[in-house]
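Colleague: Take a look at the letters that make up each chain.
Number of protein chains: 2
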Amino acid sequence: MRILFALITCIFFTLFVSAQKKLSGFFPANTQKQLDYEKQFDAMISTSNQDVWMKFLTSRPHHIGSEQGKANAEYMAGFFKKWGYETELARYDVLFPTPKSRSLELLGDKPYKAKLEEPSLKEDGTSGQKSEQLPTYNAYSADGDVTAELVFVNRGIPADYEELEKMGISVKGKIVIAKYGGSWRGIKPKVAAEHGAIGCLIYSDPKDDGYVEGDVYPKGPFRPEQGVQRGSVMDMPVYPGDPTTPGYGSTKDAKRLDRKDAINIMKIPVLPISYQDALPLLAALEGPVVPDAWKGGLPLTYHAGPSKAKVRLALQFNWDIKPLYNVIAKMKGEQYPDEWVIRGNHHDGWVNGAADPVSGLVAEMEEARVIGELAKKGMKPRRTIVFCAWDGEEPALLGSTEWVEDHADELQQKTVAYLNSDGNSRGFVGFSGSHALEQFFNEIATDVTDPQTGVSIGDRRYAKSLADASSTSKAKMMGNKYMKIGALGAGSDYSPFFQHLGIPSANIGFGGEGNGGEYHSIYDSYDHFTKFKDPGFKYGSALAKTTGRAMMRLANADILPFEYGILVNTISEYMSDLRSMTDQMRIDTDIENKLIKDNIYDLAKDPTLGFATPKAKGSVPYLDFSKIDNAMVQVKARAESLKSSLVSPEKINPSKIVSLNKILFQAEQQLLFAKGLPRRPWYKHMIYAPGFYTGYGVKTMPAIREGIEERNWKEAQEYIEIVASTLMQFSESLQRGVDILK
Amino acid sequence: MRILFALITCIFFTLFVSAQKKLSGFFPANTQKQLDYEKQFDAMISTSNQDVWMKFLTSRPHHIGSEQGKANAEYMAGFFKKWGYETELARYDVLFPTPKSRSLELLGDKPYKAKLEEPSLKEDGTSGQKSEQLPTYNAYSADGDVTAELVFVNRGIPADYEELEKMGISVKGKIVIAKYGGSWRGIKPKVAAEHGAIGCLIYSDPKDDGYVEGDVYPKGPFRPEQGVQRGSVMDMPVYPGDPTTPGYGSTKDAKRLDRKDAINIMKIPVLPISYQDALPLLAALEGPVVPDAWKGGLPLTYHAGPSKAKVRLALQFNWDIKPLYNVIAKMKGEQYPDEWVIRGNHHDGWVNGAADPVSGLVAEMEEARVIGELAKKGMKPRRTIVFCAWDGEEPALLGSTEWVEDHADELQQKTVAYLNSDGNSRGFVGFSGSHALEQFFNEIATDVTDPQTGVSIGDRRYAKSLADASSTSKAKMMGNKYMKIGALGAGSDYSPFFQHLGIPSANIGFGGEGNGGEYHSIYDSYDHFTKFKDPGFKYGSALAKTTGRAMMRLANADILPFEYGILVNTISEYMSDLRSMTDQMRIDTDIENKLIKDNIYDLAKDPTLGFATPKAKGSVPYLDFSKIDNAMVQVKARAESLKSSLVSPEKINPSKIVSLNKILFQAEQQLLFAKGLPRRPWYKHMIYAPGFYTGYGVKTMPAIREGIEERNWKEAQEYIEIVASTLMQFSESLQRGVDILK
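Heads up: the sequence lines are chains E and Y, in that order.
Taken in order, the first sequence gives residues 1 to 742; the numbers are from our numbering.
Taken in order, the second sequence gives residues 1 to 742; the numbers are from our numbering.
Treat the hints with caution; some may be incorrect.
Each pair may be met inside one copy or between any two copies, as identical chains are not told apart.
Below, computed lysine-lysine pairings styled on DSSO-like, alpha-carbon distance capped at 30 Å [claimed, not checked]:
hint, residue 1, residue 2
1, K295, K172
2, K122, K308
3, K295, K330
4, K219, K113
5, K310, K377
6, K55, K33
7, K742, K21
It should be emphasised that the hints constitute simulated quantities derived from the structure, not laboratory data.
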């Protein structure tokens, strides 16, 4: 009796829930079919495949141009073909410098010759592959042989140079040493060169990813004393991809700029070093003790410099053209072959690259495998699905950028969305990207189960943000599980799709419980990953279920699940943020100027330190935001009309669906401005860009925001008008959607 | 013509300013005389005397019971006599333990025997006086020989044990190692023992006063790797002074408690160590990595423990009775010999003690010398001035406490105020103490010139606080130079005067530009001080001018410059602070309990770390503050009446002045409650006390505040009533002032 009752309840409950379940973009009649499909998909996801593939893909160094890199591309292509995809290796030929010679010495009384070498470890099976490893270096550094005094510049961002100025220290004619972190690494030599420095060293401080954070490898996951972060220092905030083929594909016969005319190649020699090599250099610095926020975790007093002893940095590179191999695997859509849903992750690593990039790549492969299996069982996607494995991401998003530039028109015509990942570990799900997909990703987050707790990945993410919040924020956050997604800056292969072409994009990954210090070193290996970052690939599977689910929903949706009202509200928030930032700058500038005039800083400072008094700044004018305000009124109204028109999608005349969907997936392209951002025309999206002085870090409403931040009021005002026009353009495309539904 | 005009302007201006100048407490007719007097005083202050005296006083170790300690007392007494003071050496006999044997070892695979020794330096002239130096130890530690695993407890305060509980770590039966700082040192072993620890190590982390802060001695002022902070761990928040004579003078024949009955002697062995000795111990810890806020500056990963290897700590002490010698120098007041203005600074040091205490002491001596000289010229103070140099402050405020307890009645009858200093360096003036003197100290700060900038010390302090403030605070602070003075906790000789007897007190000193790591080590020497802390004794002179000026104004004022309205407003602020603290606790408790109930912390935590979930706490009741609210209405009204009655002090009937002044200087005594604070009857002041779990740190409205903080709602409510009664008592004394003026 009891059991029967429970059974009935259970059946009723299941029916009830199923009946209730709504999926954005799906007609009620098609929802259950999609959910059944996802259930089968989840059940087929395997962790052991990921383990096998990672072992192979990380078995030897696989940077762009390496033997293993090409072998990996072919290995993956073999699988994709087997799983039923039309697969090609898309080759491009790109400028990829590698070191010819590297040398760094401290001269003077206590000379030191930097080791510039990561030792192999018996606990790490691939760390001894010396002959195939790329040496520790920064790609696209200038050649050079410079000798000068050393100055410590903290993170090497513009604010740090303001501090140095207060301390009375100039880097002109000096070599600077900066800590990794706080900006994308390429910003550091760029800003150093702007201030007259002739060389730049970048080191990994143990406070950032070494012993201060936790036990170092192999005992723990963090950076050992000789570990070095390789990486590119090309000025990608100007444009990524092959520096000699800006804006077009670097095909075999492509016309190339002369290397000296490529403005995004670094102007001074730059070298990354370990904290073991940094220690004697930092110990040689004299001058004032740095501010607390600049201090790292080495056992010494951090001084700003300059050093009395000079430093000699000598670097020569082979400026070779190398072939890269993207793997492009397509499964044509049954119903809408000309609507593409694209998924990508890069396959090149700096060395063995297990976490970065193979952990995301094997999840993508598993998605592709299962979708392929299901297709063979007769469940082919309605839209075309494209799986990409990019080569040459590490140096400059080379593979993705060249391919995107090479196929720009077709991609803008056909691409519904681009979903990216770039590494994964235990922890909490993170989504960033086009805000029109925010509601869509919230639904995904509700439907995937966290492998450690059994609740949804959305609930676990909510629990984490709530547990970590301040007590004031907790009160506001409680009960509100809606997840605001992040905005995208740069740093992975979504950049050409998103910021160059305006294709709706997102980056997805798990993290927060797999922190370590292996990044871009020889220790980012299978051994490190499986011991510390995601033992058993449980979160690899969670990523496959999350991203795979998103791919399938986008591929099978009746009406594409873009909700532009959310994007519009997000732009409103950015605008009010810009306004209050400007107002606050005005107040702060007035206060600071008054304090300077009243001699407050001179009276407060320690006269024995001889620091300079800050200089007064020009006052902050009132900008005229009215054009954007007016545009936003119209955009909001139209986004609302469109939403209302879509309340009962199943009633839409089927003949209109293709046109409607095209309007929906192309709407974000209307936010592009053809001439792009000031001084960087490649970046055309007027809402999102990597910061010119932050690199990875996103700047929303970039032209206006950076105009304000850099006190370039004229440019800010000019771009207020431009952004208003793009908003009007965008508004018109929403209106076309409304019209079609009438 | 021009010059003449300027001259006239100048004369006019001087006259105008003089005419305008008002001094709190002085009849207009007497103001100029006092200002002239101060001008002469300033002109006579010498830096070279301070240099000579410091050289002598720090020439050898001069802790309580030492040869040099007694010699110093006699040296000073000789000067005071010469300068015209009735001078005595007031001897008390007190329990003062010194080490018989000390040993600390790490056992296990990587054994280490701690050095427990500060090396002498050729750059420091007195650091080699090994035979006279007290070894590195904590006075009033228990004897003991304990062997156990080690646990790192951060600062060792109650909140740290809550964190440890979350990590699933108990200190029961373990030895703990705590960082110095974050509380008075005696709190650390007390809280450790409360949690079942059997031994306690306290080390100086380089992040607090070692190489992280700046270059170490002798290159810079900070703590070298073998430097150790000595210090007392007696439970002074229960009562200071000789632990065997609580509440009365430890005269030669005083009856003494048995040592085991003295509840403020530490129950477990405690030893301070250097960061060199701490390094191998901390490196032996296992268990989880500590939270970021716990991490210090040593080059290792900070783990919470426990260690696998055990630690052995063995300490034996000589529990001797030692004589101490206070120097008490009186200059009888011409007009009011039974009204005493007392000034003090201790003279004992842990070793050579240049900064602590001699830098404040030589300023006091210089004040005494100049006042003596002026008296000889016929300018004797109207009230009695008493200069004290206390012995035995370092172990437990022994000299001041025993003398105050021995003369309690007379001091309560006669003492107008007690002004203390305890070390001094370059920088910014700081005042803390009775808020009835806040306006008075604001005037002093306006009238003393800063030696580095030439503006007033008040203006420089204002500039510093403005320059360092956040931009939000700057807007609020601009133009408001009024200085809120701090509240007094414990940590120096004002404690018996202020918190035991209710005598208006203040602590005064300069600092902020003489930071270092010499504190309580052999490196707190003449060489260190004159090189780093106040070269040329310019701030010694500034301190003499500040404190000496305050002494003379208090000694010569017509009507004593107590402004009780300010104290009353300050109490109001404390009360509203207590209310909002309670309300916030209620909100936070409800939120935390809800999050715990909703499983949020379990979902958010990393399941591989096995941390415990926090436990729900009882909800926070609403307390009945009405008795205090009602009392405050009356107190405010009466403070205002008193202020109005004193608007034209020169019109007061001269026959009433003595009675009025007595009411004024005794009013704060009405805020005492005879039975004192819960579990610590020695502390009788109901507004200010050292925190039971913070030590130095003041707790205002201590019984109520600590009742709330410790969730002892019954006791908090009980003391709301008691504090209300003392406020009524205080209100009546203000009324007596009003009545006398009718």
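Colleague: Against each hint, give a clear statement of whether it holds in the structure.
Modeller: Okay, the hints, checked on the actual structure:
no.	hint	verdict
1	K295 - K172	within (23 Å within a copy, 36 Å between copies)
2	K122 - K308	between (40 Å within a copy, 25 Å between copies)
3	K295 - K330	neither (50 Å within a copy, 51 Å between copies)
4	K219 - K113	both (28 Å within a copy, 26 Å between copies)
5	K310 - K377	neither (69 Å within a copy, 64 Å between copies)
6	K55 - K33	neither (36 Å within a copy, 92 Å between copies)
7	K742 - K21	within (28 Å within a copy, 83 Å between copies)
Of the numbered hints stated above, those contradicted by the structure are hints 3, 5, 6, listed in ascending order.
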